[in-house]
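A.B. asks: Each chain is listed here by its residues.
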Amino acid sequence: MVYVKSQSPAEKIHSGATPTVSVQGEDEILTQLKNLVLTRKELSEIVESVVPNIEEHLYEYTPYDEDADIEKKKLFGKPIGHLRDYITHKPNQYPDGGTDIGFTSQAAPIARWTNWGTYRQKPQFWFEKSFETLDFDAIFKKEGETAKKIIAEKGLFK
Amino acid sequence: MIAKEVCDIIKNGNIPNVDPLMVFAYSTPSDVQSSVSNKIVILITEISNRPSNKHGSDSYITKLGLLQVQIFYPLSVDYDTETTIEDPLLELMESNKWFCVLGGQVDRDPQTSQLFTTFHFQKEKERIF
Numbered sequence: 000m001v002y003v004k005s006q007s008p009a010e011k012i013h014s015g016a017t018p019t020v021s022v023q024g025e026d027e028i029l030t031q032l033k034n035l036v037l038t039r040k041e042l043s044e045i046v047e048s049v050v051p052n053i054e055e056h057l058y059e060y061t062p063y064d065e066d067a068d069i070e071k072k073k074l075f076g077k078p079i080g081h082l083r084d085y086i087t088h089k090p091n092q093y094p095d096g097g098t099d100i101g102f103t104s105q106a107a108p109i110a111r112w113t114n115w116g117t118y119r120q121k122p123q124f125w126f127e128k129s130f131e132t133l134d135f136d137a138i139f140k141k142e143g144e145t146a147k148k149i150i151a152e153k154g155l156f157k
Numbered sequence: 000m001i002a003k004e005v006c007d008i009i010k011n012g013n014i015p016n017v018d019p020l021m022v023f024a025y026s027t028p029s030d031v032q033s034s035v036s037n038k039i040v041i042l043i044t045e046i047s048n049r050p051s052n053k054h055g056s057d058s059y060i061t062k063l064g065l066l067q068v069q070i071f072y073p074l075s076v077d078y079d080t081e082t083t084i085e086d087p088l089l090e091l092m093e094s095n096k097w098f099c100v101l102g103g104q105v106d107r108d109p110q111t112s113q114l115f116t117t118f119h120f121q122k123e124k125e126r127i128f
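Same order as they appear, the protein sequences are chains A and B. Residues in the first sequence are numbered from 0 upward in steps of one, following numbering that gives the first Met the number 0. Residues in the second sequence are numbered from 0 upward in steps of one, following numbering that gives the first Met the number 0.
Worth double-checking, as some hints may not be accurate.
Restricting the straight-line Cα-Cα distance to at most 30 angstroms, the calculated cross-link-like pairs of lysine-lysine (BS3-like) are [claimed, not checked]: (1) B/Lys96 to A/Lys128; (2) A/Lys153 to A/Lys40; (3) A/Lys153 to A/Lys140; (4) A/Lys121 to A/Lys77; (5) B/Lys10 to B/Lys96; (6) B/Lys124 to A/Lys128; (7) A/Lys141 to B/Lys53; (8) B/Lys53 to B/Lys122; (9) A/Lys128 to A/Lys73; (10) A/Lys147 to A/Lys89; (11) B/Lys62 to A/Lys140; (12) A/Lys121 to B/Lys124; (13) A/Lys141 to A/Lys40; (14) B/Lys122 to B/Lys96; (15) A/Lys89 to A/Lys128; (16) B/Lys38 to A/Lys121; (17) A/Lys128 to B/Lys3; (18) A/Lys128 to B/Lys62; (19) A/Lys89 to A/Lys72; (20) A/Lys121 to B/Lys96; (21) B/Lys53 to A/Lys128; (22) B/Lys122 to B/Lys62; (23) B/Lys10 to A/Lys121; (24) A/Lys121 to B/Lys3; (25) B/Lys124 to B/Lys96; (26) A/Lys121 to B/Lys62; (27) A/Lys128 to A/Lys72; (28) B/Lys38 to B/Lys122; (29) A/Lys89 to A/Lys153; (30) A/Lys33 to A/Lys89; (31) B/Lys53 to B/Lys96; (32) B/Lys122 to A/Lys121; (33) B/Lys53 to A/Lys140; (34) A/Lys128 to B/Lys122.
Pairwise CB distance ranges (calculated) [unchecked claim]: (35) B/Gln110 to A/Lys33: 56 to 62 angstroms; (36) B/Glu125 to A/Lys148: 43 to 49 angstroms; (37) B/Asn95 to A/Gly80: 39 to 45 angstroms; (38) A/Glu55 to B/Tyr59: 27 to 33 angstroms; (39) B/Ser94 to A/Phe139: 33 to 39 angstroms; (40) A/Glu70 to B/Pro50: 44 to 50 angstroms.
It should be emphasised that the hints constitute simulated quantities derived from the structure, not laboratory data. All figures in this text were calculated on a predicted structure; none of them were measured in a lab. By construction, the Cβ of each residue, glycine as well, lies at the ideal position given by its N, Cα and C atoms.
All chains, full assembly: derive it from the sequences and hints.
C.D. replies: Written as structure tokens, this is what we have:
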């Protein structure tokens with residue numbers, strides 16, 4: 000009888016009761032350990048749980064001119080609306096479940112021009128300000144909760 | 000005043016095709032803005048310069064400086080800007096402990112149609128007591 004005590008990364012973040020599991024034999028240990036390895040889809044699920052919060056935060060910081068006549072607004076000859084309506088990301092983009100959050104290629108030049116400035120336009124660095132003011136504690140907490148749920152669903156901790 | 004510090008580094012860096020008189024900190028003069036220069040224009044702006052998370056005796060001991068360097072090219076250039084301008088600039092910045100953390104993408108200016116590149120550099124500086 001081997002007694003294995005494990006703690007997931009999520010559990011480390013949220014110190015609560017330490018989850019335990021009892022296993023018998025090497026095969027069972029290996030099976031249980033496999034449960035600890037999250038798949039790309041599961042990792043992406045953890046990330047996706049916080050993406051709306053981050054996108055919403057970026058939305059608030061993206062320059063917005065409520066008086067702009069978007070019916071007449073064009074970029075490189077194509078109609079374009081408010082920059083903040085072009086926030087996007089690619090779910091399951093990277094093997095670790097991560098994703099880039101930004102703007103569609105259609106609107107990305109406007110984001111760079113306003114954020115970094117141009118020859119005659121001062122930089123605003125609103126993207127950097129958005130990142131600096133992001134509540135990372137809340138983000139990691141929510142990710143931790145999702146991770147905990149996924150691990151529990153896999154049946155490792157009962 | 001990290002932008003001023005980097006402005007002086009670039010001005011004295013002897014980067015080919017870069018006129019020290021066309022390197023500016025914080026903003027470009029209005030006469031430069033009103034015309035498209037036939038020379039390369041470099042603009043350095045500060046993003047942030049704040050205490051890092053390193054502390055000693057209840058006080059911060061280093062500061063993290065983050066700044067932006069933009070290279071605006073003339074409408075016509077007959078040399079490879081990457082090897083002639085950007086690589087020497089990156090080397091010069093690195094040798095002065097300013098490390099590139101973002102950038103390198105070429106954009107087209109919406110008003111002047113000039114091509115320009117943006118780099119972000121970061122440096123951790125010890126606090127002078």
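A.B. asks: Can you confirm whether the C-alpha distance between A/Lys141 and A/Lys40 stays at or below 30 angstroms?
C.D. replies: holds, 17 angstroms
A.B. asks: Do the alpha carbons of A/Lys128 and B/Lys62 lie within 30 angstroms of each other, as the hint requires?
C.D. replies: Given pair A/Lys128, B/Lys62 holds - Cα atoms ~18 angstroms apart, limit 30 angstroms.
A.B. asks: Decide if the proposed pair is consistent with the structure: A/Lys121 and B/Lys3, CA atoms, cutoff 30 angstroms inclusive.
C.D. replies: With a Cα-Cα distance of about 17 angstroms, the restraint between A/Lys121 and B/Lys3 holds, given a limit of 30 angstroms.
A.B. asks: Tell me if the straight-line CA distance from A/Lys33 to A/Lys89 falls inside 30 angstroms.
C.D. replies: holds, 27 angstroms
A.B. asks: B/Lys53 and A/Lys140: Cα distance at most 30 angstroms?
C.D. replies: holds, 25 angstroms
A.B. asks: Would you mind confirming whether the straight-line C-alpha gap from B/Lys124 to A/Lys128 stays at or under 30 angstroms?
C.D. replies: Holds, because 22 angstroms separates the two Cα atoms, which is no more than 30 angstroms.
A.B. asks: Does the structure keep B/Lys53 and B/Lys122 at a Cα separation of 30 angstroms or less?
C.D. replies: holds, 14 angstroms
A.B. asks: If you draw a straight line from the CA of B/Lys122 to the CA of A/Lys121, is it 30 angstroms or shorter?
C.D. replies: holds, 23 angstroms
A.B. asks: If you draw a straight line from the CA of A/Lys121 to the CA of B/Lys62, is it 30 angstroms or shorter?
C.D. replies: Cα-Cα ~25 angstroms, so holds.
A.B. asks: For the pair supplied as a hint, A/Lys153 and A/Lys40, is the alpha-carbon distance within the 30 angstroms limit?
C.D. replies: holds, 13 angstroms
A.B. asks: Below or equal to 30 angstroms on CA atoms is what counts here, so check B/Lys38 against B/Lys122.
C.D. replies: At roughly 28 angstroms apart (the allowed maximum being 30 angstroms), B/Lys122 and B/Lys38 satisfy the hint.
A.B. asks: When you check the alpha-carbon spacing of A/Lys128 and B/Lys3, does it fall within 30 angstroms?
C.D. replies: OK: A/Lys128 and B/Lys3 at ~22 angstroms, within 30 angstroms.
Checked against the numbered hints above, the structure violates none of them.
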